[in-house]
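Peer 1: Chain order of the listed sequences is Y, P and U. For reference, each letter of the first sequence is one residue, going 1 to 361 in the numbering used here. For reference, each letter of the second sequence is one residue, going 1 to 278 in the numbering used here. For reference, each letter of the third sequence is one residue, going 1 to 366 in the numbering used here.
These are calculated hints, taken from the structure and not from any lab test. Please read all numbers here as calculations on a predicted model, not as lab measurements. There could be a bad hint or two in this list.
[What the hints assert, rightly or not] Straight-line distance between alpha carbons at most 20 Å, and here's what the computed SDA-like set of lysine to any residue pairs gives: (1) Lys120/U <-> Ala313/U; (2) Lys172/U <-> Arg140/P; (3) Lys79/Y <-> Phe191/P; (4) Lys172/U <-> Ala233/U; (5) Lys153/U <-> Arg140/P.
[Said to hold, decoys possible] Estimated spans, in silico, between C-beta atoms of each pair: (6) Ala55/P <-> Asn67/U: 43 to 49 Å; (7) Lys79/Y <-> Phe15/P: 55 to 61 Å; (8) Lys79/Y <-> Ile98/P: 36 to 42 Å; (9) Ser144/Y <-> Leu109/P: 56 to 62 Å; (10) Leu6/P <-> Gly244/Y: 57 to 63 Å; (11) Leu109/P <-> Glu340/U: 36 to 42 Å; (12) Ala87/U <-> Gln94/P: 56 to 62 Å; (13) Arg113/Y <-> Arg91/P: 28 to 34 Å.
[What the hints assert, rightly or not] Computed footprint of chain Y on chain P; a stretch qualifies when at least three of its residues, placed anywhere within it, have a C-beta under 8 Å from a C-beta of chain Y: (14) 18-25; (15) 174-187.
No residue lacks a Cβ here, since even glycine has one placed at the ideal position from N, Cα and C.
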Amino acid sequence: MSYAIRLIDLEKHFHGERSVFKAVDRLSMDIRSGEFVSLLGSSGCGKTTTLRMIAGLEMPSGGQILVNGVDVTDWPASKRDMRMMFQDLALFPHMTVAENVAFGLTLRSSKPRLSRSEVAKRVADYLDLAHLGDFAGRLPHQLSGGQRQRVALVRALATEPSIVLFDEPLGALDAGLRRAMQLELKRIHAALGKTFVFVTHDQEEALSMSDRIAVMHGGNILQYDTPEAIYDRPSCRYVAQFMGAANLLDASVERLEGGEGMLRLDGLGTVIAAVPAGVGVGQKVTVMFRADRAIFEGESLNWIDGEHRESVFLGNRIEHVVGLADGREVTVEARIGQPGIVPGAALRFGVRPADFRVLVQ
Amino acid sequence: MAIWLLPPLLWFVLFMLVPYAITVFYSFGRMDGVLFAPDFSLENYRKVFFDAPYAPIILRSAWIGLLTAIFSSLLAYPVAMAMAFNLPSERARQIVYILVILPWWASYLVKAYAWKAILGPSGLINKGLMSAGLIDEPIRIFLYNDFSVVLTLTYIFTPFAVLSIYAQLERIPGSLIEAARDMGANGFEIFRRIVLPISVPGVLAGAVITFSLGFGDFLAPALLGGSDSLMISSVVISLLGVANDRPLAAAIGVTIIVLAALLISAVNRLEKRTQVRL
Amino acid sequence: MFAGAKLGVQMRNPVRLNILTIALVASASFPVAEAFADGELNLLTWEGYADDAFVKPFTEKTGCAVNPTYVSSNDEMVSKAISAGSATIDLVSPSNDATLVLIDAGAVEALDISKLPHLKDYYPAFQKPAWLTKGDDLYGVPYGFGYIRVALKEGAVPGADSVKALWDPALKGKIAIWDNLESLYLAARYVGVKDVYNMTDEELDASMKALIALKPNIVKFWASDAEFTELYASGGILGGNTTELALSKIWGEGHGDLVDIETKEKRGGWSDSWMVVKGAGENPCTYAWLDWVSSAESQAIASKVTGYAYSNAKAFDLLDDATKALLTKLKTNDPKVLNEVDWWQPVARRSKYLEVFNQAKAASAP
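Produce the entire structure from the sequences given, and follow the hints as far as they go.
Peer 2: Here you go:
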């Protein structure tokens with residue numbers, strides 16, 4: 001397996017007046033060639049700083065960056081075989097679309113050195129690829145938001161780097177356009193086979209596009225795995241919460257038997273759930289289940305009683321908020337017309353032992 | 001009409017329109033002894049354009065103004081660049097900003113006299129050169145010529161150019177520079193292909209200000225000028241103070257106002273053409 | 001302080017030495033005479049010509065309150081005297097290049113010499129000067145005066161006895177010239193023009209060429225006495241044309257080597273006079289003022305205030321020894337020298353003169 005990017009104990013410290021802020025704290029990760037990896041996290045988690053260090057726009061305080069096996073930690077941005085698509089797109093406002101795309105091809109450092117006609121041809125080809133051929137002579141401010149996004153993308157791709165970095169470039173788009181651009185990016189990634197590193201705070205965006213997602217928090221990676229694994233098997237309470245729609249209940253382990261254990265939910269009786277290795281009797285844990293895993297009929301060892309509070313119609317299904325005996329609320333999903341759910345009345349739902357995730361704090 | 005428009009309107013009428021009208025009125029008149037006589041004559045304008053020495057002195061003043069604008073811009077640009085891009089913190093930027101405008105707190109005269117002292121035969125430069133053993137006698141080429149005039153004007157008016165260029169450079173998002181760097185551009189390419197073209201309107205605005213201030217100046221030539229450093233403002237002053245020739249002074253004033261208006265509108269057009277939407 | 005702000009007297013740098021002491025002495029030594037209750041006097045004059053040092057004793061003695069309005073040019077004085085009249089102005093003090101304009105315009109009245117006993121103590125040059133006389137009438141009381149010097153460092157041009165010394169190639173880049181029409185008169189005298197105040201086009205042209213020919217020597221057109229003083233004291237120049245105030249300042253600073261050259265050519269001179277705006281003679285305060293300012297006593301005080309020489313010859317006797325020595329060295333108390341001064345006159349073609357002067361200034365040195 002060849003790695004496009006390897007980060008080893010990467011650190012970035014920002015020095016304030018009295019304190020040192022560790023934006024990135026001994027972070028290590030590998031990104032395979034041709035992989036689409038997302039760095040996901042809320043603002044301040046260090047994802048953008050990490051990306052900028054990869055790009056060479058920020059110098060690390062410690063650690064190493066290897067690109068295609070070569071240590072590029074001290075290399076300037078211009079020498080690295082990668083291009084970045086910026087959050088604000090950073091289109092050159094005084095240049096036409098074609099001039100923007102040609103910029104990276106007409107520098108002293110451009111390799112290979114192209115003749116004028118070669119540059120013109122390359123620019124035209126890439127503009128056609130993004131259906132921008134008719135806009136070559138326009139200035140950025142004369143384009144729509146989506147067109148500007150495509151120009152920025154084409155500009156990054158036109159120099160044909162092996163790695164493309166994305167710093168939340170879709171943030172400014174409305175939902176529909178955003179969805180279209182996500183698909184477009186995924187299509188281009190599949191077609192070009194380049195390594196994409198994509199920074200976002202939107203978990204749906206990360207889930208829908210990435211081969212792997214690194215969930216970041218406090219300058220480090222909490223979990224680095226496929227979208228399915230991260231969604232289904234979050235490694236900790238923070239990841240579970242961040243990936244959304246998770247019901248989290250505090251519990252303590254009462255009994256262990258094989259891979260399963262009896263857990264006492266605070267104030268709600270006991271449930272049976274699969275327990276990961278290393279968890280002992282008496283230990284405080286968090287029990288998680290997703291709203292779509294709730295059942296309302298059939299066999300289950302684990303029934304939880306509550307009271308229906310309100311319903312949210314989601315088209316093909318309905319989300320119900322259930323008040324539990326200890327006053328907390330959980331969310332469960334049900335198909336439309338599910339018997340046994342009466343607004344304002346008592347409501348009982350079950351979760352199969354395999355659908356519980358036991359998270360160690 | 002909104003009531004708050006009244007004070008600016010009054011100001012405009014009282015301090016702009018009325019004085020201009022009076023100046024134009026005077027420029028068509030003539031002097032009858034010591035008293036002004038209204039008339040409708042183009043004689044004063046004929047003098048401005050065709051009699052020595054007025055037109056050549058206007059050109060000469062424009063030349064001094066142009067040199068002031070060029071040197072101010074050249075000097076101001078790196079300062080504005082450093083303020084916009086190179087200073088590590090907002091605090092450092094503020095300190096440099098204050099240092100740039102600090103000389104404005106001192107009076108023009110003090111600054112002009114300071115240069116007189118620096119450039120003079122017993123001034124800083126000559127003393128330095130003499131103590132370094134490079135010369136035995138004070139050199140007199142520094143003071144009382146166009147060099148000292150342009151130097152002083154440049155020194156005094158450069159802050160205008162700095163702020164004007166900085167205001168434009170400051171608008172350039174850092175990501176543009178980073179994007180260029182990311183794509184492999186070196187420092188010179190970033191400057192020539194990104195920063196410089198975008199900064200043109202700021203440079204033009206600063207140049208118009210420094211040109212105008214240099215063009216209309218009379219203190220620097222009076223204090224530091226040589227035997228031929230005569231500028232048009234000094235001529236106007238002498239026309240009023242010595243010859244009491246108000247009509248001719250007014251005609252020169254109107255001519256300069258018209259020239260300035262033409263210049264400013266031309267530069268405005270150029271600024272609009274070169275201004276980018278960031 | 002700029003090019004010819006005022007034609008008559010360029011720059012007034014009041015030298016205030018012991019003004020207070022003198023004022024006290026002066027006020028004590030004059031007996032209180034007949035007072036004009038509630039009298040009022042409006043003066044249009046130069047700064048320094050209505051100084052408290054001699055106005056206060058006057059007011060105490062006569063009861064006349066003095067309201068001075070200061071102006072910066074003869075033109076201002078002339079146009080206001082003509083247009084305003086005695087309702088607002090009683091007395092003006094123009095210099096000799098403007099007095100005839102006022103007389104010819106009928107804006108001022110002839111004086112009653114019998115009411116001016118001090119005039120007999122005046123230097124002959126100021127007893128009945130041409131610039132104050134029309135027919136047999138006298139129209140003004142001369143006051144402060146001065147004449148323009150050509151001064152050079154000792155030995156800079158050996159044996160210099162003419163304005164021609166300024167054109168000496170040895171002075172290349174070493175002289176400063178007054179930024180004033182007087183410097184055009186200087187060039188005119190250099191080329192031998194007789195009546196420098198009424199030059200023909202040819203004479204003006206020749207004067208301009210002479211001034212341009214002088215330019216290689218001119219390092220600076222000076223605008224104030226202080227500037228000329230600074231230029232000489234710093235070694236920047238070896239001389240030029242200058243005023244008594246600058247000379248005395250330079251000498252006072254220990255540069256005794258600046259020599260006031262007695263030129264064969266005449267030298268231009270300014271003389272201010274108090275003139276009565278038509279109708280103002282009826283104001284009893286007017287003649288009281290003329291009597292006071294023409295007295296040796298008041299002029300001695302004024303001399304200390306402004307540093308100028310004054311027209312009453314007896315004022316000299318009241319000065320302290322140091323001032324006497326200075327004025328003697330400056331020859332402002334020598335009646336013979338004063339008779340030789342080419343006193344300024346109104347220049348009919350002032351605009352043309354200025355145009356020629358500016359043309360010379362704008363020209364580059366040959």
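Peer 1: Work down the list of hints and note, for each, if the structure agrees.
Peer 2: Results for each hint:
1. For the proposed pair Lys120/U and Ala313/U, the alpha carbon gap of about 9 Å is at most 20 Å, so the pair holds.
2. Of the pairs offered as hints, the one joining Lys172/U and Arg140/P holds, with about 12 Å between alpha carbons and a cut-off of 20 Å not exceeded.
3. Note on Lys79/Y and Phe191/P: the hinted pairing holds, with a Cα-Cα distance of about 18 Å set against a maximum of 20 Å.
4. A distance of roughly 18 Å separates the Cα atoms of Lys172/U and Ala233/U; the hinted pair therefore holds under the 20 Å criterion.
5. Taking the CA atoms of Lys153/U and Arg140/P, the gap is near 19 Å; set against the 20 Å cutoff, the hint holds.
6. Separated by about 45 Å at the C-beta atoms, Ala55/P and Asn67/U satisfy the suggested range of 43 to 49 Å.
7. For the pair Lys79/Y and Phe15/P, the supplied restraint of 55 to 61 Å holds, since their beta-carbon distance comes to about 60 Å.
8. For Lys79/Y paired with Ile98/P, a C-beta distance near 38 Å keeps the hint of 36 to 42 Å intact.
9. In this structure, Ser144/Y and Leu109/P meet the distance hint of 56 to 62 Å, their C-beta atoms being roughly 57 Å apart.
10. Evaluation of the 57 to 63 Å hint for Leu6/P and Gly244/Y yields a pass: the beta carbon distance comes to about 59 Å.
11. The hinted range of 36 to 42 Å is satisfied by Leu109/P and Glu340/U, whose Cβ atoms lie roughly 39 Å apart.
12. The given range of 56 to 62 Å is respected by Ala87/U and Gln94/P, whose C-beta atoms sit roughly 60 Å from each other.
13. Roughly 43 Å separates the CB atoms of Arg113/Y and Arg91/P, a value that falls outside the hinted 28 to 34 Å.
14. Beta-carbon proximity to chain Y at under 8 Å applies to 0 residues in the stretch 18-25 of chain P; the threshold of 3 is not reached and the given coverage is violated.
15. For the stretch 174-187 of chain P, the assignment as covered by chain Y holds, since 11 residues bring a beta-carbon within under 8 Å of that chain's beta-carbons and 3 suffice.
Violation of the numbered hints given earlier is confined to hints 13, 14; the remaining hints are satisfied by the structure.
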